[in-house]
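4 protein chains.
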Amino acid sequence: MDEITGKWYLETVFPDLAIMLRVQEVLYSGRTKYQAIEVVESEVFGRSLVLDGKTQSTEKDEHIYHESLVHPAMLMHPNPRTVFIGGGGEGGTLREALAHRSVERVTMLDLDEEVVDLCRHYLPQHHQGSFDDPRLELLHQDARAYLEECDQTFDVMIMDLVDPLEGGTAYLLYTEEYYRIAKSKLNPGGVLVTQSGPSGLLALEECFTTIHNTLKGVFKHAVPWQVHVPAFHIPWGFNLATDAQLEAPSDIDAAASQRLNKALRFYDTETHAAMFNLPRYMRESIAEENRVNRDDSPVFMV
Amino acid sequence: MDEITGKWYLETVFPDLAIMLRVQEVLYSGRTKYQAIEVVESEVFGRSLVLDGKTQSTEKDEHIYHESLVHPAMLMHPNPRTVFIGGGGEGGTLREALAHRSVERVTMLDLDEEVVDLCRHYLPQHHQGSFDDPRLELLHQDARAYLEECDQTFDVMIMDLVDPLEGGTAYLLYTEEYYRIAKSKLNPGGVLVTQSGPSGLLALEECFTTIHNTLKGVFKHAVPWQVHVPAFHIPWGFNLATDAQLEAPSDIDAAASQRLNKALRFYDTETHAAMFNLPRYMRESIAEENRVNRDDSPVFMV
Amino acid sequence: MDEITGKWYLETVFPDLAIMLRVQEVLYSGRTKYQAIEVVESEVFGRSLVLDGKTQSTEKDEHIYHESLVHPAMLMHPNPRTVFIGGGGEGGTLREALAHRSVERVTMLDLDEEVVDLCRHYLPQHHQGSFDDPRLELLHQDARAYLEECDQTFDVMIMDLVDPLEGGTAYLLYTEEYYRIAKSKLNPGGVLVTQSGPSGLLALEECFTTIHNTLKGVFKHAVPWQVHVPAFHIPWGFNLATDAQLEAPSDIDAAASQRLNKALRFYDTETHAAMFNLPRYMRESIAEENRVNRDDSPVFMV
Amino acid sequence: MDEITGKWYLETVFPDLAIMLRVQEVLYSGRTKYQAIEVVESEVFGRSLVLDGKTQSTEKDEHIYHESLVHPAMLMHPNPRTVFIGGGGEGGTLREALAHRSVERVTMLDLDEEVVDLCRHYLPQHHQGSFDDPRLELLHQDARAYLEECDQTFDVMIMDLVDPLEGGTAYLLYTEEYYRIAKSKLNPGGVLVTQSGPSGLLALEECFTTIHNTLKGVFKHAVPWQVHVPAFHIPWGFNLATDAQLEAPSDIDAAASQRLNKALRFYDTETHAAMFNLPRYMRESIAEENRVNRDDSPVFMV
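Chains as they are written, first to last, in numbering that gives the first Met the number 0: chain W, 0 to 301; chain R, 0 to 301; chain D, 0 to 301; chain B, 0 to 301.
The hints are simulated quantities; they were obtained by calculation from the structure and are not laboratory data.
A hint or two may mislead.
[What the hints assert, rightly or not] Simulated crosslink set (DSBU-like; lysine-lysine; CA at most 30 Å straight-line): (1) B/Lys184 to B/Lys59; (2) R/Lys53 to D/Lys53; (3) B/Lys182 to B/Lys215; (4) W/Lys32 to W/Lys59; (5) D/Lys53 to R/Lys59; (6) W/Lys261 to W/Lys59; (7) B/Lys184 to W/Lys59; (8) R/Lys184 to R/Lys219; (9) W/Lys184 to W/Lys59; (10) W/Lys182 to W/Lys59; (11) R/Lys215 to R/Lys184; (12) B/Lys53 to W/Lys53; (13) R/Lys219 to R/Lys182; (14) D/Lys59 to D/Lys182; (15) R/Lys53 to D/Lys59; (16) B/Lys184 to B/Lys215; (17) R/Lys59 to R/Lys261; (18) W/Lys53 to B/Lys59.
[Unchecked claim] Between beta-carbon pairs, the in silico distance windows are: (19) D/Arg282 to R/Gln257: 53 to 61 Å; (20) B/Glu2 to D/Ala286: 32 to 40 Å; (21) R/Glu283 to B/Glu2: 38 to 46 Å; (22) B/Glu40 to D/Thr31: 16 to 24 Å.
[Said to hold, decoys possible] Here are a few chain D residues that sit away from chain B, every Cβ distance over 10 Å (derived from the structure): (23) Glu10; (24) Glu37; (25) Gln127; (26) Asp132; (27) Ala243; (28) Ile251.
Heads up, the beta-carbon is just placed ideally off N, CA and C, and yes, glycines get one too.
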């Protein structure tokens with residue numbers, strides 16, 4: 000059996016460029032009511048969750064993604080007690096949020112119950128039992144519809160969604176209208192953070208920059224950062240937004256060890272500096288961006 | 000999800016040329032004591048059995064391979080009552096042999112019990128229950144060692160093996176020494192037939208031609224033929240050998256409908272003519288071949 | 000440098016199945032007025048001509064295709080003196096037609112002058128100088144428009160076209176209307192032959208069967224055959240049609256050596272038998288086909 | 000022509016993971032005395048230089064690589080007048096070094112004259128005419144042998160080499176013995192900088208960490224950093240080493256605009272912070288590394 004023969008997962012990263020990943024097993028492959036879902040296992044990444052052909056997270060590097068999404072916002076907030084999670088079916092975001100001792104309640108909305116059930120079964124290293132935490136309220140309905148109706152408010156809201164693809168399930172959770180609704184459910188001093196898609200040089204960065212620009216129009220402050228998640232192949236962007244005057248702790252290591260009930264694997268003071276100092280081209284792209292995602296004119300990821 | 004993204008099975012057909020097959024499911028993937036085995040399902044081929052990275056047979060076209068292997072020899076023999084099958088784990092060769100009303104006993108040796116068990120489970124369209132036929136004696140030991148010891152003899156011996164790869168399980172079942180043993184267990188008027196590997200223009204034809212030449216040195220008559228099995232991508236060769244003066248029925252359709260308990264799907268009079276009239280380049284390659292597969296100097300498929 | 004790294008040509012053969020061919024050089028890549036054209040060189044096939052992403056012919060096996068297209072019709076005709084070629088830009092069909100000593104004039108129409116010029120430059124092993132033969136009249140205009148206007152007639156008409164793809168340049172040369180025009184330019188006893196696309200089990204055979212059925216409605220006799228051309232990966236079909244009562248010579252070898260000024264490499268008596276005895280499934284598909292290609296309702300190759 | 004069909008460059012990034020890049024043209028493909036060289040053009044990356052199957056730099060992002068390699072060392076040095084470049088055949092490193100107004104002489108050693116000539120011809124956007132600068136002395140001999148013999152000394156030495164692959168041309172330019180030779184040719188206050196291979200989470204980071212550890216044993220100070228170069232798919236590492244007490248300018252933008260004769264595209268104050276703050280896992284890998292590259296026991300990149 001030579002080096003080519005065998006089972007591969009091919010994934011287009013952007014037009015004219017695809018990744019070939021040799022897989023050991025396809026643990027699950029099917030369609031839920033909302034999307035195609037695959038769980039594949041590879042020597043490179045361990046178990047990967049793939050939704051509609053896009054790798055969402057993998058066993059070997061999901062901690063980079065999830066720590067980068069959750070902890071900057073959680074540690075910037077002085078005392079997060081109530082957390083809202085939109086999406087996040089693998090349970091990694093939930094796991095990281097629950098690690099904060101201050102957290103009393105997490106309300107997590109993932110539209111797709113089947114995805115959550117499959118993740119609970121196939122991705123134990125992702126959730127590590129966090130779905131059983133009594134502080135969790137897990138609901139399977141549209142996050143936006145829920146927020147419009149709910150009378151709860153939150154200290155931190157974490158949007159861990161699939162990318163804003165045309166025809167996808169999530170693009171209405173990246174718009175100005177959505178962010179206004181979300182903001183109305185934030186407690187004073189609250190923070191919203193969202194995964195924001197690729198932030199690289201060559202393609203697709205419009206997702207990252209328009210989300211930033213949209214947040215900036217709704218909140219007083221919006222802060223972008225990026226990180227290299229190996230399974231995504233291109234740098235990945237995040238944005239947080241708040242009306243409060245918040246700063247990251249100058250000593251993140253100290254803050255983390257004081258406020259979390261576990262040691263972090265990726266995020267620390269020096270890593271924070273690497274993440275929040277964007278390369279010049281991203282700062283320039285952000286500065287030049289003037290589009291705003293609106294319900295009737297969203298900027299889809301191509 | 001675009002046209003590239005997704006699960007693929009890649010298979011090198013010969014150096015510098017590989018096939019990309021989009022798969023719907025990987026039904027099984029593992030290693031037995033002897034070889035790697037995968038059962039993949041695709042829109043193109045249905046369920047495929049893959050051993051050590053080589054597609055062995057598929058739901059959509061296995062009837063072409065199995066009818067081409069079994070019936071020329073069975074119909075050339077005037078009254079086959081006892082059949083020996085070497086290999087053939089999917090059960091397709093067995094199914095075709097048992098369709099001959101004259102058959103009273105089939106002794107099938109497939110070294111790899113796990114492969115047979117997995118085929119019984121995953122490939123019901125291949126065997127169609129033939130493993131339950133009371134005429135079958137199924138053994139899991141080396142065909143050559145068995146024949147050396149056994150005191151049974153056979154009218155037709157069908158070798159349905161993996162290719163003679165270096166380091167593989169089967170190359171000692173393609174040698175002059177093996178054919179002498181097998182011949183000693185053939186009844187008078189008996190026929191031996193073997194799958195013989197690729198028979199195409201561009202590569203690998205040495206397998207086909209050396210098997211033919213080896214058989215010709217052991218038996219009075221050796222007859223080559225080939226057929227296009229879509230899943231193999233290159234024409235596939237077979238050889239039968241006998242000391243008897245045998246002829247194919249001039250009306251294969253009539254012979255088949257008289258002697259089989261089912262209708263054939265592929266093999267008939269006109270198809271026989273297509274198979275047994277080799278293209279010129281194959282006749283030339285056969286004429287030029289002077290190597291003989293011997294235990295200590297086999298011609299491996301590269 | 001491992002077994003994957005390097006330059007490859009990927010070609011979808013049919014949905015969900017593609018070929019990966021390692022290439023040594025891309026000798027030419029561009030667009031003519033009518034189509035994309037590439038000349039790639041590989042260890043497997045030597046130089047290949049690719050039009051609109053479909054391999055048309057390769058150095059290593061073009062003789063199989065061109066001999067199979069040209070000589071059955073030419074040898075069936077008792078004395079072909081005038082030949083019409085539609086398409087055939089590589090010059091291989093021309094080369095084979097000119098090898099018949101009886102031929103006094105070949106009128107070749109290939110719409111795409113750039114393709115012909117590039118083939119003359121890059122594919123010398125294909126044409127072998129045949130474009131310089133004084134018996135050739137080479138024109139670059141639409142074959143159908145030309146035939147409608149011309150006052151010449153022909154003994155043999157050879158259609159060596161790209162497949163009838165929607166939006167392509169050729170599908171109006173596969174229709175009933177076209178065949179009526181062509182027939183009107185055939186001399187008494189004349190023969191028309193056309194390449195007819197894939198003729199395999201699994202896909203695309205509608206091209207072959209509808210061309211056959213269309214010819215059968217226009218001519219008294221239509222004869223199908225197929226051959227395995229390695230570069231096409233699936234069996235390839237041809238059809239000839241005539242109003243005359245013609246038979247292939249019973250001894251093709253003798254006829255060829257008498258009537259041609261060179262030895263053939265592929266086509267001979269036994270190969271003829273392999274080609275004209277179709278496998279059962281193709282005979283069944285042909286028998287079941289009732290569609291006719293018409294200008295306003297062609298059956299496109301998918 | 001569908002999304003798969005066409006010309007691709009496949010490149011294994013690490014075991015079980017490869018990149019598929021659709022190419023528009025293969026501009027050059029051949030072998031020099033020392034290595035295989037290809038220049039391919041793609042929509043994604045523009046023109047790419049590939050040596051022995053490894054992408055070295057591309058038109059769209061070479062400025063990231065070359066600015067990251069050259070300017071940290073050049074700006075850390077207070078007044079670099081003489082520069083040594085080992086490798087760097089594309090001319091991008093040369094271009095960046097010559098942009099420093101203080102530079103009076105650059106001695107560039109690239110073993111492979113053919114590579115340099117091909118780059119001059121095919122990659123004008125890389126070198127931008129810098130090979131014609133009168134300050135350049137360009138030699139085609141082994142950098143190590145040259146340094147052992149030469150009586151010149153340098154303020155900055157820049158090693159822009161292919162990775163230390165077994166059997167490759169460069170691994171003896173990454174060893175302790177080599178660094179001692181190089182150090183002996185550095186002026187007081189001088190700096191040596193070297194590209195250092197992948198610096199990612201999942202594989203191959205041993206190259207980066209052993210180079211760092213080896214430099215640390217030879218020089219008083221060694222400083223690692225990394226950057227995301229899109230064409231490399233995984234983060235890329237660099238190291239500089241010096242015996243002097245040097246600091247990066249606190250305002251890199253001011254220093255660059257004062258000392259360079261052109262504006263930089265990538266490197267600036269904030270980007271510097273992103274590059275020199277390594278993610279935690281890299282700091283941990285560096286801290287744990289205790290191997291030293293020696294001539295007789297180098298750590299090859301796998």
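For each hint, the structure was consulted:
1. For the given pair, B/Lys184 sits about 35 Å from B/Lys59 by alpha-carbon distance, which is inconsistent with the 30 Å threshold.
2. With a C-alpha separation of about 26 Å, the suggested pairing of R/Lys53 with D/Lys53 holds against the 30 Å cut-off.
3. Under the criterion of a C-alpha separation no larger than 30 Å, the hint pairing B/Lys182 with B/Lys215 is consistent with the structure, at around 12 Å.
4. A distance of roughly 28 Å separates the Cα atoms of W/Lys32 and W/Lys59; the hinted pair therefore holds under the 30 Å criterion.
5. For the proposed pair D/Lys53 and R/Lys59, the alpha carbon gap of about 25 Å is at most 30 Å, so the pair holds.
6. Annotation: proposed proximity of W/Lys261 to W/Lys59 holds, straight-line Cα distance about 19 Å (limit 30 Å).
7. For the hint pairing B/Lys184 with W/Lys59, the CA-to-CA distance comes to about 44 Å; that exceeds 30 Å, so the pair is violated.
8. This hinted pair checks out: R/Lys184 and R/Lys219 have alpha carbons roughly 16 Å apart, not beyond 30 Å.
9. Restraint check for W/Lys184 and W/Lys59: the C-alpha separation of about 35 Å exceeds 30 Å, so the hint is violated.
10. In summary, the hint linking W/Lys182 to W/Lys59 is not supported, as the alpha carbons are separated by about 34 Å, beyond the 30 Å threshold.
11. Between R/Lys215 and R/Lys184 the CA atoms are separated by roughly 17 Å; this keeps the pair inside 30 Å, and the hint holds.
12. Taking the CA atoms of B/Lys53 and W/Lys53, the gap is about 26 Å. The hint holds against a cut of 30 Å.
13. Note on R/Lys219 and R/Lys182: the hinted pairing holds, with a Cα-Cα distance of about 11 Å set against a maximum of 30 Å.
14. Proximity of D/Lys59 to D/Lys182 is assessed by CA-CA distance (about 34 Å); at most 30 Å being required, the pair is judged violated.
15. Taken as a hint, the R/Lys53 and D/Lys59 pair is honoured in the structure, with Cα atoms around 25 Å apart against an allowance of 30 Å.
16. Distance hint between B/Lys184 and B/Lys215 is fulfilled; the C-alpha atoms sit about 18 Å from each other, no more than 30 Å.
17. Between R/Lys59 and R/Lys261, the direct Cα distance comes to roughly 19 Å. Compliance with the 30 Å bound is thereby established for this hinted pair.
18. This hinted pair checks out: W/Lys53 and B/Lys59 have alpha carbons roughly 25 Å apart, not beyond 30 Å.
19. In this structure the hint that D/Arg282 and R/Gln257 lie 53 to 61 Å apart at CB is violated, the actual value being about 21 Å.
20. In this structure the hint that B/Glu2 and D/Ala286 lie 32 to 40 Å apart at CB holds, the actual value being about 36 Å.
21. Between R/Glu283 and B/Glu2 the CB atoms are about 41 Å apart, so this pair conforms to the stated range of 38 to 46 Å.
22. For B/Glu40 and D/Thr31, the hinted distance range of 16 to 24 Å is satisfied, since their beta carbons lie about 20 Å from each other.
23. For D/Glu10, the non-interface assignment is contradicted: its Cβ lies about 5 Å from the closest Cβ of chain B, within the 10 Å cut-off.
24. Distance check for D/Glu37 against chain B: the nearest CB is about 7 Å away, which does not clear 10 Å, and the non-interface claim fails.
25. With 10 Å as the threshold on Cβ separation, the claim that D/Gln127 sits away from chain B holds: the shortest Cβ distance comes to roughly 27 Å.
26. Residue placement check: D/Asp132 keeps its beta carbon more than 10 Å from all beta carbons of chain B (closest about 34 Å).
27. Remark: the non-interface label on D/Ala243 is consistent with the geometry, its nearest Cβ contact in chain B lying 40 Å away (cut-off 10 Å).
28. Look at D/Ile251: its CB is around 37 Å from the nearest CB on chain B, clear of 10 Å, so calling it non-interface holds up.
Checked against the numbered hints above, the structure violates hints 1, 7, 9, 10, 14, 19, 23 and 24; every other hint is satisfied.
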